[in-house]
Amino acid sequence: MNFKNKKIVTYTFAALVGLIGSLNANALDAKVGVLLPLTGTQAFYGKEAKNGIDLARQELTDSDINLKIFVEDTQSTPVEAAKGINKLITSDRVNVIIAEVISSNAIAAASITEKAKIPMLSPAATNDAVTLGKKYVYRTCFIDSFQGVVMADFASQNLKAKTAIILEDSDSDYSKGLSDNFISTFEKEGGKILKVLKYSQKDTSFTSQLGDVRKSKPDVLYIPGFHQQVGVILREAEDLKIKSKKLGGDGWYTPDLRKIAKGSEIGGYTSTHYSTDSDDPSVKAFVEAYTKKYKAKPSAHAALGYDSYKIIHSIIKEIKSSDPEKINNALANLKDFKGITGSITMDKNHNPIKPAVILEYIPNGYKFITSIKPKVSSN
Amino acid sequence: MLDFTQAIIDGIAIGSLYALIAIGYSMVFGVLQFVNFAHGELFMLGAYFVMLFLTMGAPLWVAILFSLLSVGTIAVVIERIAYKPLRKHSRLAPLITAVAMSLFLQNIIQVLFSPNSLSFPINIPGNIVTLGELFVRIRDIGIFSLTLLLAFLLELFLFKTKAGTGIRALAMHADASKLCGVPFNRTVSLTFFIGAVLAVIAGTIQGMATNQIFPLMGVNAGLKAFAAAVLGGIGEIRGAVLGGLVLGISESMLVSYGLSTYKDGFAFVILILVLLIRPQGILGRTQLVKV
Chain B
52 MNFKNKKIVT YTFAALVGLI GSLNANALDA KVGVLLPLTG TQAFYGKEAK NGIDLARQEL
112 TDSDINLKIF VEDTQSTPVE AAKGINKLIT SDRVNVIIAE VISSNAIAAA SITEKAKIPM
172 LSPAATNDAV TLGKKYVYRT CFIDSFQGVV MADFASQNLK AKTAIILEDS DSDYSKGLSD
232 NFISTFEKEG GKILKVLKYS QKDTSFTSQL GDVRKSKPDV LYIPGFHQQV GVILREAEDL
292 KIKSKKLGGD GWYTPDLRKI AKGSEIGGYT STHYSTDSDD PSVKAFVEAY TKKYKAKPSA
352 HAALGYDSYK IIHSIIKEIK SSDPEKINNA LANLKDFKGI TGSITMDKNH NPIKPAVILE
412 YIPNGYKFIT SIKPKVSSN
Chain S
1078 MLDFTQAIID GIAIGSLYAL IAIGYSMVFG VLQFVNFAHG ELFMLGAYFV MLFLTMGAPL
1138 WVAILFSLLS VGTIAVVIER IAYKPLRKHS RLAPLITAVA MSLFLQNIIQ VLFSPNSLSF
1198 PINIPGNIVT LGELFVRIRD IGIFSLTLLL AFLLELFLFK TKAGTGIRAL AMHADASKLC
1258 GVPFNRTVSL TFFIGAVLAV IAGTIQGMAT NQIFPLMGVN AGLKAFAAAV LGGIGEIRGA
1318 VLGGLVLGIS ESMLVSYGLS TYKDGFAFVI LILVLLIRPQ GILGRTQLVK V
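Read top to bottom, the protein sequences are chains B and S.
Per our numbering, the very first residue in the first sequence carries number 52; after that it's consecutive.
Per our numbering, the very first residue in the second sequence carries number 1078; after that it's consecutive.
These aren't lab readings, by the way, just hints derived from the structure by calculation.
Any given hint might turn out to be false.
[Stated by the list, open to error] Here are the simulated distance ranges between beta carbons:
| # | chain 1 | residue 1 | chain 2 | residue 2 | range |
| --- | --- | --- | --- | --- | --- |
| 1 | B | K386 | S | F1081 | 57 to 65 Å |
| 2 | S | L1230 | B | A180 | 52 to 60 Å |
| 3 | S | M1078 | B | E411 | 24 to 32 Å |
| 4 | B | K310 | S | L1230 | 31 to 39 Å |
| 5 | B | Y345 | S | L1352 | 39 to 47 Å |
| 6 | S | L1079 | B | G314 | 29 to 37 Å |
| 7 | B | V247 | S | L1146 | 55 to 63 Å |
| 8 | S | R1315 | B | G184 | 57 to 65 Å |
| 9 | B | E411 | S | I1199 | 27 to 35 Å |
| 10 | S | L1129 | B | E110 | 40 to 48 Å |
| 11 | S | L1180 | B | D398 | 40 to 48 Å |
| 12 | B | G314 | S | L1223 | 21 to 29 Å |
[To be verified] Covered by chain S, per the in silico footprint, the following chain B stretches (three or more residues, Cβ under 8 Å):
| # | region |
| --- | --- |
| 13 | 240-253 |
| 14 | 276-285 |
Just so you know, even glycine gets a beta-carbon here, dropped at the ideal spot from N, CA and C.
Just chain S, with the same shape it has in the complex (with noise of 0.2 Å):
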């Protein structure tokens, strides 16, 4: 029982990561339908900015500022030149500009920065507080309530705001709500820049823990957040959140079981699992689609 909860408490940052990851997968395939596979390059984009910005000297909240802004104005950008003219095509062909997507901003990186990893010049301390046998880090418990806190947030500003109701108009029917007035093109790079923000603290808090990022971080963590979306429900805030936390506190106990070297399969079992036994996820609702 101490194992067992010791790995849910291992799990909780790894998937409050995954969960912060998963949002903006879940919220532009709410939007558009279309699994955007260049989100996991937003992550390590995030970070390579933040470090940028941080060795030319700007204090963290402004380096984390900045990339927030930099790294958004990428993910619409590549939306309006990538995306945006296939739009009318078949669902396919986005999603094969989106690997090529993905792909182009692991080398661009590789290229400006060395495939190397690079030392990151700020990092959270992760001392651990015991309770009894068990013990936490205080860094963990931050980013966990970080999380439910921009999830929190998030939540408000799709329920209670005009543009938030916009993206949920848009994702319930897309023809009506342009029919009610709803700008369709803005409210989509609405939806790509809040993706992208919550992309970038993520990759922020990875590199600031691990103290190094590396052009391909994304490429895992893109993964595992488009398992965790899926396993929630995708399209859902809430299940992207619940999805991320289930997989990093089942990936940690499988290593505390001693499984460590079936981890990075299991993201992907449960994927092949959820789409065959419940393809809406786990808070997805199922929609009548009328003919």
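Looking at chain B on its own, in the form it has when it is part of the complex (with noise of 0.2 Å):
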């Protein structure tokens, strides 16, 4: 075939689809762009985000809008997402974006969109400062501030606790962050912080540090921290026979943990976005429709992934358009979108209001404990 009949194809073709979508005249067509890590070191999030979506358009079968989804792959950098952004925006001219699960690259991508004033959700960045002061970006997910708002809560009401130390990872500003807001709200509930400890994620052994928690014997121990060096310290803390119960962020809930923990991880609470042991029926039919299509549970990235899709859905159906304006101002409203990550309001900086769940380490699994709202809005 010449390249002269090539395009004639190409051009016929292109009329009979806007033959055939001109046929159903009330079905309003919008272009969803999807970018994610789909290689690379944090590929793991970026396919579980992406079966969440890809079960959610399957589910979602209405006959009035007619969702086309552009995937970009970002292969977890900051510079290739910058990259993908890019091409969504001005070659494929998506009307929305689903854009990054991790913080630095949804950063990048951010300021882009900023500038092309074309909304963009992000299923899982936690990072503060992804939608700080932009108006055109959003996230599925909760802050890493909350976390730690959420554990002095737990600790206080649920535990019963009266004194605390706290572990915290000098070299992450995650980590600072869930501890200072664990401390304000544990104090303010009338908790008392024994002593605020620091590591290093080059120190390989706790023993100084635990010895402090062993002599002071607090209620709970809050280490919210990644798991390479969580996994040691909650090893050492056996060792040294430490009772106090211990409480960490979303930074312990993966696999990886318990490997390196070997056990020490049981009993031990994690705070994270939703839990597959839930009772409420939607995440049960959730699970089972996913676990049904890949043969494995989902993750809370592929519940935010679910959650983000179903949000971009239900929010072009209701105003039925496709203008990115529009669409802008309808997630800056959302109010009470039910979730498989629970009811989701987003606050004035597009934050959503929305529940962290908390898990109890069991032996070779997670027990849902209980789902914490917060209580005002952080702003």
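Since each chain sits alone in its own frame, please combine them into the complex, following the hints.
Written as structure tokens, this is what we have:
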């Protein structure tokens, strides 16, 4: 086939598609960009989110709106994230974008969508800075600082803890955010912080810090860190026979933690976005459908991807428009959206006001303990 | 006083690991007056090789033995291809290839095993015994004793065997030792091999104690051990052991007095102070250079 023929065929095809499209005159077309790390170091999270989005697309079969998705891979790097988002905006001309699960990549993408005035919804970038001061950037997950508040609430109300020691990762803003919010909330509720101890991600032994904990015997030990260090800390705490309850954030919520902690994580509590063991019927239905389709339990990222797509779908369906400005407006005013990861209402900083889930580590799994709603909006 | 004693006990294990790595730096420096900056990577390679042999189904002692032989051989090969050809050039040249070799080894392991940390198949439990208010891990006593034993055996080797005497002769005066019939290249290789063996043992202990290994684990350990070697007096086996223990215990004290944020900088403060005030280190001897 020569070049000219190819062109003719393409045009004919385009005309046909247009014809078929116009037959269903009521259907509203909209283009949704999807930007995720599908290869590279964080590919696991990107693929989970993509699975969630695909499952939502399969379930939502409305005749009156017709969403087309355009997928770009960020290769887990901010540079490729910026390239991908540019392609989605300038060449695919999408109306709205579901973008990135990693905070640093989401920040790179956010500055570009902000300039192009295309609304972007991140399923799982939890860093406080992602949406800060942005008019077109939103997220489906709660932010880092909220987890500290939730854990402090849980410690003082459910565990009736009066004293706490915090073991903070001094190399991470995430850890500091969680720790600061834990301290202010825990003290507000009448608890006493005995000590704030620090460690570095380079450390290989935490005995000196834990010796302090052993001596002070606090009711709870809050360790808002990442699994590489937390795993060792938990094991050493068990060696030192520290009886305090151990609490952590979503940095704990990975199978790798259990590989390092080798059983010492049992009895610890973590805050995270959702639990597959929830009794909520909609969560149960989602877990069942997901497990059937992908032969694996959905992670938090899958649930957040699923919710993100459903939010976009429901907004476009409701406002009956694919205009980015109108979608942006609707996202800003999103209220009581019933998602798998809880009821979602956007606050004025574009962060959802939604519950966090507390899980307890039990042998070979997690036990759903409670779901904690924010009492007041964070602003 | 209680906190003070506890801090000493806590610092002994990490200090022993610094000591084991520092011996390698020290011996190589003694023989070639050259700092092998790829030495920290031998510590990392040791742990990876042990894990590799363990996952292939070898029992622990076989895995450690094979890892000692493999990494020892790698150390000798590195010396032959990256340092030996530059021996006659300026002293800066092999130092730069050493840094390059260190980066190369870190990255090759990241490519082969992924940059993430891997969990170590075998681990030593960290049970403690209490003495009143104080507590000590049984594991740490073991690590400390092993370090002293290895240092003792090494001294025995250096002073009682022909090959060991060769190393000492080379360290004293390279040209004179050649004239007396000490095989230069073979002795240098032997020095690298011994250093690698001790680094592998340290890497394996760390893997088994923390239950995880990662490609950059040698960077921090290597730098600290280098500071320890300088502190104790580079070129001296006993100095390296002492330097390692002093550094480990000092770090543990900083943590127990609430200064953990400054811990990682402390080794380098020591390094600078030693170089300014007593460049030969605690146990180092000043040598008269005859012109």
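Each hint, compared with the structure:
no.	hint	verdict
1	K386(B) x F1081(S): 57 to 65 Å	59 Å, holds
2	L1230(S) x A180(B): 52 to 60 Å	55 Å, holds
3	M1078(S) x E411(B): 24 to 32 Å	40 Å, violated
4	K310(B) x L1230(S): 31 to 39 Å	35 Å, holds
5	Y345(B) x L1352(S): 39 to 47 Å	59 Å, violated
6	L1079(S) x G314(B): 29 to 37 Å	31 Å, holds
7	V247(B) x L1146(S): 55 to 63 Å	47 Å, violated
8	R1315(S) x G184(B): 57 to 65 Å	60 Å, holds
9	E411(B) x I1199(S): 27 to 35 Å	29 Å, holds
10	L1129(S) x E110(B): 40 to 48 Å	45 Å, holds
11	L1180(S) x D398(B): 40 to 48 Å	46 Å, holds
12	G314(B) x L1223(S): 21 to 29 Å	27 Å, holds
13	240-253	holds (count 5)
14	276-285	holds (count 3)
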